[in-house]
Every structure is written in structure tokens, then in C-alpha cells.
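Just so we're aligned: the sequence shown equals residues 4 to 103 in our numbering.
These are computed hints drawn from the structure, not numbers from a lab. One or more of the hints may lead you astray.
To be verified - Below, computed lysine to aspartate or glutamate pairings styled on EDC-like, alpha-carbon distance capped at 20 angstroms:
1) K34 to D89
2) K34 to D46
3) K34 to E77
4) K101 to E77
5) K34 to D98
6) K49 to D89
7) K43 to E31
8) K61 to D86
9) K49 to E31
10) K23 to E40
11) K61 to D89
12) K101 to D68
In this text, all values refer to a predicted model and were calculated from it rather than measured experimentally.
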Amino acid sequence: GSIYVLVIIAGLDLQWVVSKLIGKVPWEIGKMLRGPESSKTLDLIKNQIIPIITLLSKMLPLQLDALCGPQFREMHGLPSFMDVSDLVVSDMCFDAFKSK
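Between the sequences and the hints, there should be enough to build the whole structure, so can you do that?
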């Protein structure tokens, strides 16, 4: 989950470092995390980052369905249970909040 990456960034007080990233760096980091098998950092992602995120998700289970009521979820086609580790559902939820 991408939410857990944000928890790690906040927990390590790295938000200032991340905010100074320029150009396509954040995009490239996201691509590496979403598709580690095509990345030069496969070992780091597979053996360090993914296990940390898995551990965090077990220790701190987060659900997005608490953010919005049943009517909002129904209106936007969101499931009643939304675990943040499900990237498809997380994207759907955050897309529902985008202004038009």
C-alpha cells in the first residue's frame, strides 16, 4: 500500500526530503515500487521495502471506508470494505474525491 509508504515517510521525518524531489523523480520511484521486477532496485524493494509495508499493514490495519459514508460509496461505486493495501480500491476512493 501506498498509504503505508506515506506512513513510513512521515515516521522517518522524510517529508521535507520528498517535497524537494524535482522532475520525474517521484514518478520514477512510484514506478519502481509498483513494478519492482523491471527495476534495478529489485532486491531493495523485494527484500526490504515490501516486507516493511507488509509488517506495517498487519500492525496498523487501515480502512478507507471510514472516510466516507455508505451513500458516498454507493454513489461512486466503491465497495463497503476498502483496505488501503488494495491499490485499485485506494485509487478509486481517492479519485472520487477529485474536484471536477
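**Request:** Could you work out which earlier hints the structure fails to respect and list their numbers in ascending sequence?
**Result:** Result: hints 3, 10 break, sorted rising.
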